[in-house]
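Q: The listed protein sequences correspond, in order, to chains A and B.
Using my numbering, you'd call the opening residue of the first sequence number 1 and step up by one each time.
Using my numbering, you'd call the opening residue of the second sequence number 1 and step up by one each time.
In short, the hints are calculated from the structure, not lab data.
Ideal Cβ placement from N, Cα and C applies to all residues, glycine included.
One should not assume that every hint holds.
Said to hold, decoys possible - Restricting the straight-line Cα-Cα distance to at most 30 Å, the calculated cross-link-like pairs of lysine-lysine (DSSO-like) are:
hint: 1; chain 1: B; residue 1: Lys475; chain 2: A; residue 2: Lys470
hint: 2; chain 1: B; residue 1: Lys331; chain 2: A; residue 2: Lys474
hint: 3; chain 1: A; residue 1: Lys581; chain 2: A; residue 2: Lys470
hint: 4; chain 1: B; residue 1: Lys331; chain 2: A; residue 2: Lys475
hint: 5; chain 1: A; residue 1: Lys606; chain 2: B; residue 2: Lys475
hint: 6; chain 1: A; residue 1: Lys581; chain 2: B; residue 2: Lys521
hint: 7; chain 1: B; residue 1: Lys474; chain 2: A; residue 2: Lys475
hint: 8; chain 1: A; residue 1: Lys606; chain 2: B; residue 2: Lys554
hint: 9; chain 1: A; residue 1: Lys453; chain 2: A; residue 2: Lys470
hint: 10; chain 1: B; residue 1: Lys475; chain 2: A; residue 2: Lys453
Unchecked claim - Quick look at which bits of chain B chain A covers, simulated, 3 or more residues with Cβ under 8 Å:
hint: 11; stretch: 449-462
hint: 12; stretch: 481-488
hint: 13; stretch: 499-509
hint: 14; stretch: 513-527
hint: 15; stretch: 600-606
Claimed, not checked - Counterexamples of contact, computed for chain A against chain B with all Cβ distances above 12 Å:
hint: 16; residue: Gly104
hint: 17; residue: Val146
hint: 18; residue: Glu291
hint: 19; residue: Trp522
hint: 20; residue: Tyr555
hint: 21; residue: Trp574
Number of protein chains: 2
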Amino acid sequence: MLLTKIKASIIGRPLKTEQLQEEKLPVWKALPILSSDALSSVAYGTEQILGVLVVAGAFALWYSLPISLAIVGLLTLLIISYRLIIDEYPGGGGAYIVSMDNLGWFAGSVAGASLLVDYILTVAVSVTAGTAAITSAFPILHDHRVAIACGFVLLIMVLNLRGLQESGTIFSVPTYLFIISIVMLVIVGSFKILFVDGGGTPPPITSHFPEGLTWFLLLRAFSSGCSALTGIEAISNATPTFRAPERKNAGRTLVILGILLAVLFGGISLLAYLYHLTPVLEETLISQIAEETFGRTAPYFFIQATTALILILAANTSYSGFPLLASIMAKDKMMPRMFTARGDRLNYSNGIIVLSLAAILLIIAFHGHTERLIPLYAIGVFTSFTLAQSGMVQRLLKRKPQGWKGRLAISLTGAIVTFIVLLIFAVTKFTEGAWIIIVILPVFVYMFSRIYKHYNAVADELRIDISAEKPQIKKQMIVLPVGGINQVVRNTVSYARSLDVDVVALYIAFDEEDAKRMKGKWNEWCPDIRLVIMRSRYRSVTRPLLRFIDKLPKYVGDRQVTVLIPQFIPRRWWHSLLHNKTALVIRFILLARKDIIVSTVPFHLKK
Amino acid sequence: MLLTKIKASIIGRPLKTEQLQEEKLPVWKALPILSSDALSSVAYGTEQILGVLVVAGAFALWYSLPISLAIVGLLTLLIISYRLIIDEYPGGGGAYIVSMDNLGWFAGSVAGASLLVDYILTVAVSVTAGTAAITSAFPILHDHRVAIACGFVLLIMVLNLRGLQESGTIFSVPTYLFIISIVMLVIVGSFKILFVDGGGTPPPITSHFPEGLTWFLLLRAFSSGCSALTGIEAISNATPTFRAPERKNAGRTLVILGILLAVLFGGISLLAYLYHLTPVLEETLISQIAEETFGRTAPYFFIQATTALILILAANTSYSGFPLLASIMAKDKMMPRMFTARGDRLNYSNGIIVLSLAAILLIIAFHGHTERLIPLYAIGVFTSFTLAQSGMVQRLLKRKPQGWKGRLAISLTGAIVTFIVLLIFAVTKFTEGAWIIIVILPVFVYMFSRIYKHYNAVADELRIDISAEKPQIKKQMIVLPVGGINQVVRNTVSYARSLDVDVVALYIAFDEEDAKRMKGKWNEWCPDIRLVIMRSRYRSVTRPLLRFIDKLPKYVGDRQVTVLIPQFIPRRWWHSLLHNKTALVIRFILLARKDIIVSTVPFHLKK
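Using the sequences plus the hints, can you model the full thing?
A: Put into structure tokens, the structure is as follows:
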């Protein structure tokens with residue numbers, strides 16, 4: 001009862017199943033919940049591009065503008081493609097469902113694996129990046145970064161266990177503040193450059209291709225910048241959590257996200273170019289731009305604070321995506337069934353908890369330096385993009401709905417472009433860690449296939465023909481191990497006698513004298529139940545009991561055996577340390593090894 | 001079965017109870033097992049005295065000789081007193097049994113607590129000191145000292161789990177090597193001083209009391225030196241593990257230990273004085289003496305190696321003492337009953353494991369620097385010395401056996417002297433950590449009293465009058481939660497029908513349609529068992545089940561309820577992750593909250 005109360009105080013009172021509808025999200029709440037991951041990547045997208053280009057010298061920096069434009073173009077394509085998916089799949093599900101549905105089991109499990117891995121990486125990476133922002137401001141906290149990051153994960157976990165509605169309210173504030181602060185930065189910065197600085201003096205643009213700048217470097221800069229495109233999948237995956245009309249609201253949210261991303265990312269890239277900024281080790285690009293624009297005044301600190309906050313909250317996107325995807329995959333028998341269970345607050349609590357634990361393990365394993373994982377997770381994202389668009393192509397070709405040709409063109413373009421980007425990623429980032437993903441994905445796919453086979457095998461085994469396979473009656477007998485004669489044994493023997501079944505009591509004696517004494521007492525106390533006495537030379541109770549049960553069929557035929565095991569139920573938890581756990585051990589071994597029934601007869605201690 | 005095999009390969013094949021006698025120890029094996037703690041303290045006893053005296057200047061060092069003599073005198077008194085205890089208590093048990101027996105429950109539990117704490121401290125301190133000797137030789141290992149020390153504890157644990165006989169053989173070699181090496185050092189060193197160096201030039205002896213040397217300092221030096229006296233208790237505690245005649249063999253071992261201790265300790269102190277040595281930070285006193293005597297040649301390294309080895313093996317003394325004492329106290333209902341269970345190899349395996357875990361926790365908590373704990377554990381030793389001798393005084397006064405007056409004189413002197421030493425300890429070492437022991441002992445004593453009360457209360461509750469309190473017959477009924485109709489349910493329903501008892505099947509429906517469909521199917525499949533359908537609005541199965549059971553008495557009177565719970569038994573361990581643990585949760589809650597019987601009906605999956 002105490003546990004129930006503690007649980008309620010942390011995650012809130014249980015909700016009824018009918019309350020499910022009320023938990024659904026309006027657009028203004030869905031946007032911050034589902035898009036903080038995508039929006040927060042604005043904080044490092046441009047910086048990743050410049051970080052690659054700067055190797056080729058100052059002249060190369062100009063190429064950040066066309067690259068950013070290409071990325072915004074890719075973004076537009078993705079937004080349009082995903083709107084088609086939302087229309088076709090109002091029941092939710094992005095890459096996993098689309099590819100499972102149209103491309104088959106294998107493509108589906110690859111998409112599922114890459115999405116699940118990505119959700120975990122997103123939590124670890126975002127939370128540690130946010131923690132790094134905080135520990136940079138307060139260096140004294142640096143040594144505690146692992147504890148702080150894990151604390152944040154736990155905090156987000158608890159908020160999510162409380163349910164979508166409330167966490168939506170909590171998470172919407174910082175996301176909107178971040179949007180406001182970056183929009184403000186872009187507007188004031190552009191204004192300052194145009195009217196105050198007189199347009200600045202942009203670096204000279206040469207008509208020649210700068211020396212040192214190779215096509216490989218350009219592609220690498222492009223793929224680095226694509227880390228700003230993670231998190232789009234979340235919305236189409238979560239269509240059913242939207243308030244009705246789900247399809248329309250999800251589509252609208254997707255478009256709003258696309259416009260915001262284009263404005264914020266494009267604006268940051270433009271300002272960085274006009275201010276002639278390059279990435280430095282000690283200061284983030286956003287911080288440099290904000291300092292150029294406002295100096296170290298209140299608006300600067302406001303921008304820094306909202307950036308740090310949204311990085312941590314970006315992890316929350318995964319808390320909408322991972323549990324939902326895991327539950328869908330569990331319904332498809334590819335993940336353990338526990339992921340389908342809705343918790344007290346109607347969310348998929350097991351998914352929330354598993355996601356948190358996996359992220360915490362990653363944070364601890366990388367000593368809180370998960371920034372290195374940033375390049376990795378774009379691979380998973382583009383794998384799922386490609387599979388989703390390919391699935392749509394297949395679907396449109398098969399169904400040919402009204403206006404299918406236009407849609408096919410969009411999806412085909414999407415599939416081809418994202419596949420090319422994926423290849424660019426795999427090649428240019430292979431040594432940076434892309435190979436890890438290439439190792440992990442097959443492991444996941446293999447795991448899914450094993451789980452799938454197991455569930456199908458079990459389903460086959462459990463299937464019953466109602467008209468033919470009726471319950472059967474079998475002759476029974478009870479074996480009752482006794483350790484002496486006392487109130488516990490009386491309680492158990494009373495139960496056995498009440499059942500009107502043959503009963504044999506079994507006593508394990510440690511020496512001859514012990515055996516004789518017990519025989520005498522038993523015959524006086526309960527002569528109508530037969531007592532078998534066995535000798536144990538190894539001080540074990542379990543082994544003689546197993547031996548006895550093995551030999552039973554010889555004497556009693558194929559009766560079904562029930563073993564009665566008395567169990568102390570102490571009043572205080574620490575009392576249970578004072579009583580041997582023999583009952584539990586016997587129960588476990590008997591159930592695992594034999595086809596017998598184990599009945600636990602409790603004896604509740606009063607003191 | 002695999003676990004059984006792994007266990008057997010680590011700790012050896014199980015032994016029969018009759019083999020207990022064979023495991024008993026001859027003197028030559030008992031001496032190294034039971035005295036490595038006492039002998040190893042020679043390695044730091046003299047150093048502790050000199051470390052205190054050196055504060056008062058070079059003239060004060062002379063006082064190490066009378067102090068060492070006083071300690072040897074105290075040792076003689078203790079050896080004689082403990083021989084009396086062995087004679088009176090051939091059944092084993094030192095301070096705990098003697099004080100329990102003669103001074104009552106409270107004194108007994110104080111003695112027990114101080115001994116248990118001491119055994120744990122001995123393991124932690126000895127192993128880390130030995131590890132320090134190794135890491136001093138190989139500084140590269142210094143950062144891994146915690147892992148190395150824990151590894152040694154685990155190694156000693158496994159050797160002890162294999163049983164006394166074998167560990168006796170393993171541990172006797174280094175102990176004898178240590179004795180040989182120190183005796184050799186004392187003989188060669190004395191010879192060299194007398195005949196080669198011409199007697200050396202001992203520091204001048206002044207007839208005046210040196211300035212700076214206070215009585216407090218002298219007492220402190222004395223009590224520091226008494227750390228060489230720990231470990232004597234072990235022999236009298238372990239009397240029953242000796243080969244017959246136990247009493248005589250134990251007494252003989254005690255005397256041999258006393259002579260060895262006096263020779264080694266006295267010899268080291270004398271050599272240190274004649275060589276004018278004082279403790280330095282980088283080198284132990286033994287190392288300095290050995291270097292003066294042999295130079296850095298083979299004998300020097302032999303002495304260093306055996307010293308390091310015996311320090312680690314000293315921990316082994318506690319592995320004889322702790323499990324035996326814990327088992328005695330458990331029989332007296334002061335410790336959990338599990339400590340009385342003999343393992344496969346006839347030793348008290350739970351005591352061995354708990355001791356190891358406690359020592360490992362201490363090592364980790366102190367980051368492998370448990371040297372600081374050295375001053376602490378002499379307090380526990382002298383507390384138990386005092387209680388043991390006081391108990392003997394009480395016993396002799398009451399029984400007045402032949403020749404009791406002489407024995408009384410010895411025990412009384414022992415009690416008074418050890419009590420004075422205890423007071424000196426408590427005062428001179430209070431700020432060095434003695435206060436910790438003064439806090440811990442009452443906690444242990446309180447714990448013992450709670451355990452004692454609980455076991456007595458349970459015994460009262462279980463007591464039965466064989467002639468009057470017979471097994472009773474009570475009306476029964478079975479509640480059978482079903483989750484649908486399949487082979488598992490068929491298996492469980494078959495069992496229920498075989499028992500000739502009223503059966504009610506219970507189905508938890510999540511909506512109206514679900515309820516209707518189930519009702520129809522059930523009536524077709526098994527119309528003779530009544531199916532009750534309940535609605536759950538909270539997606540919980542447990543709560544409606546509990547509610548149903550609560551309401552039962554209204555309809556069926558005071559029948560005893562048995563709940564049948566089907567349980568999947570998968571063929572591979574990882575399959576169990578794929579099935580919900582609802583059965584386990586329901587079983588746990590029902591047993592803890594209700595007075596009903598829970599029968600687990602296994603369904604063994606074939607695939």
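Q: Hint compliance check: list the failing hint numbers for this structure, sorted ascending.
A: 2, 3, 4, 6, 10, 19 and 21
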